[in-house]
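Asks: One-letter residues, chain by chain:
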Amino acid sequence: MDKLIVIGGGPAGLAAAASAVDAGVSPEDILLLERDDSLGGILNQCIHAGFGLHIFSEELTGPEYASRYIDRLHEREIPYVTDAMVLSLNADRELTYVSPKDGFIRLKASAVVIATGCRERTRGQIMIPGTRPAGIFTAGSAQRFVNMENKMPGKRAVILGSGDIGLIMARRLTLEGAKVECVAELMNYCGGLARNVAQCLNDFDIPLLLSHTVTDILGKSRVEGVKISQVDENRRPIPATEKIVPCDTLLLSVGLIPENELAREAGVVIDPVTGGAVVDQYNQTTAEGIFACGNALQVHDLVDNVTLEAEAAGAAAARYALSGTKTVNYVATTPGDNVRYIVPHKIDLGGSGDVKLSFRVTSTIRGCDTVIKSGSKELRRIRKRVVTPGEMESATVKISDIDAPVSVSIEERA
Amino acid sequence: MEQIFTCTVCPFGCELHVDLSGDEPVVTGHACARGKKYGVAEATNPVRTVTSTVLIDGISELHPNLKLLPVKVDKPIPKAMMFDGMRIIKTLKVAPPVKAGDIVYKDFLIPGVNLVAGRNI
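Heads up: the protein sequence lines correspond to chains F and L, in order. Throughout the first sequence, residue numbering follows the working numbering, covering 1 to 414 in sequence. Throughout the second sequence, residue numbering follows the working numbering, covering 1 to 121 in sequence.
Worth flagging that the hints you see were computed from the coordinates, not collected in a lab. For glycine and all other residues, C-beta sits at the position ideal for the given N, C-alpha and C. Be aware that a few hints might be false.
Looking from chain F toward chain L, a few residues come up when the C-beta cut is under 10 Å (computed) [what the hints assert, rightly or not]:
no.	residue
1	Q45
2	H48
3	R172
Derived DEER-like restraints, expressed as beta-carbon distance ranges [unchecked claim]:
no.	chain 1	residue 1	chain 2	residue 2	range
4	F	L322	L	L109	51 to 57 Å
5	L	K75	F	K108	48 to 54 Å
6	F	E75	L	D102	17 to 23 Å
7	F	L87	L	D102	52 to 58 Å
8	F	S57	L	A41	14 to 20 Å
9	L	A80	F	N188	28 to 34 Å
10	F	D205	L	S21	21 to 27 Å
11	L	P64	F	V269	51 to 57 Å
12	L	M1	F	E261	45 to 51 Å
13	L	M1	F	N188	26 to 32 Å
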């Protein structure tokens, strides 16, 4: 049989490959391709603790969490190639990759799991004016320099964006002897987890400036400072509030974008809200036999959720590889009030059991209900103390209860 | 004396007020028992799981390009000792092979607390 190919050897790809074996595909019929020189993905540079609380009930570091799933790959003797870059993928599941070990390889896959993760948004994408000196890094690339390559990005840093990686790097740079002047956040709420604000900023007296942004970068060959301004309710800088903060480094933690060049090339329909593929409850994309999971599908807050999603995708890809297509009867899922998106985007009513719906809300709401409907029929109402855009929500529904398109909304309680 | 913390037990983020003036710490502002416990711990003995990296002395066969071994304390240490810990970590080097979980530095600041490797090299 053609091989089931997993693209990406981070937490999503590792879990998907192991799960495909557990669902009945022989290990020799699986191939995992990883473009870095070792497995583990971004977890390798996430040396802080806090991973695995949900799945393992312990606080693991990123490399420790990765090790557990790398071990599972080895236990199942699943073949993988590192330094392997997938160059092309089409809707017929033909792909090409190059690696120093194998050279140029062309393959036809029985099923494909896209587990390519996400990329950081850069300076260009948020259009900060100013000069183009050295010393401007995305928070994740700075994290790799500090934690894996033994290079400090600078001595005095400003961090733009309060995403979790930015907060984690504020602590990391401080512990390594740099001075972090502040974290500036455009929105009027923090993008990262409350626990990271407490343990990465408050512990070190690093100010978090909400409703502030960088309006200019100063310096010729090296960053010499940044201008920071407060913004109004329309997120426009207020000129009178502008002040210069001297620094030699600017880190950007301003959002993540699912990496889907291969999916696009294969003709997979992408959801403009998530940046990931449109999928059904089996994580199958709009291209038959091509599945997506992890941060390539939707940017997650917790790796535990990546693992669970990838295990489902791996099992579904295995079933497809072993038994092929079947007729489907889809209904759509639609975000209702206060809900930004829902994954999966459609539900095959020919399936059985439960469907897990993951979604994000548009704003922080205290005292509310998650309401799931099929057509006008209410399927579930779940009381919530609080929902926030920074924390992914999920709920399950029974497929047998569904007979019309499914909506999820958040209703404030009176 | 009253201290104020944002509770990090759940996303609700209660503002905890902890009064340490009496014999027993008094927590207000919490919505659950876990929050109360967190408030008392933060006010009386805040601890943190310190993680960092130490230099790899030589070349790891498993990861030839890797320069640093991730390490962590196997039990949380007092928050006030984090920088003392970093001063020790800066002086350390380890020669491969090392297995995840191996002790890199025994009795790290506190007897019974060890600095352990986070990855095989």
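Asks: State for each hint whether it applies.
Replies: Hint check:
1. Taking 10 Å as the C-beta cut-off, the interface hint given for F:Q45 holds, the closest approach to chain L being about 9 Å.
2. Given hint, F:H48 at the interface with chain L, holds; its Cβ is 5 Å from that chain's nearest Cβ, closer than 10 Å.
3. Hint status for F:R172: holds, given a least beta-carbon distance of 8 Å to chain L, under 10 Å.
4. Separated by about 54 Å at the C-beta atoms, F:L322 and L:L109 satisfy the suggested range of 51 to 57 Å.
5. Taking the beta carbon of each, L:K75 and F:K108 are about 52 Å apart, inside 48 to 54 Å as hinted.
6. Evaluation of the 17 to 23 Å hint for F:E75 and L:D102 yields a pass: the beta carbon distance comes to about 21 Å.
7. For F:L87 paired with L:D102, a C-beta distance near 39 Å fails the hint of 52 to 58 Å.
8. For F:S57 and L:A41, the Cβ-Cβ distance of about 19 Å falls inside the hinted range of 14 to 20 Å, so the restraint holds.
9. At about 32 Å, the beta-carbon gap between L:A80 and F:N188 stays in the expected band of 28 to 34 Å.
10. Remark: the range hint 21 to 27 Å for F:D205 to L:S21 is upheld by a beta-carbon distance near 24 Å.
11. The supplied range of 51 to 57 Å is broken by L:P64 and F:V269, whose beta-carbon atoms lie about 41 Å from each other.
12. Checked against the given bound of 45 to 51 Å, the beta carbons of L:M1 and F:E261, roughly 57 Å apart, lie outside it.
13. Taking 26 to 32 Å as the suggested C-beta distance range, the pair L:M1 and F:N188 conforms, at roughly 31 Å.
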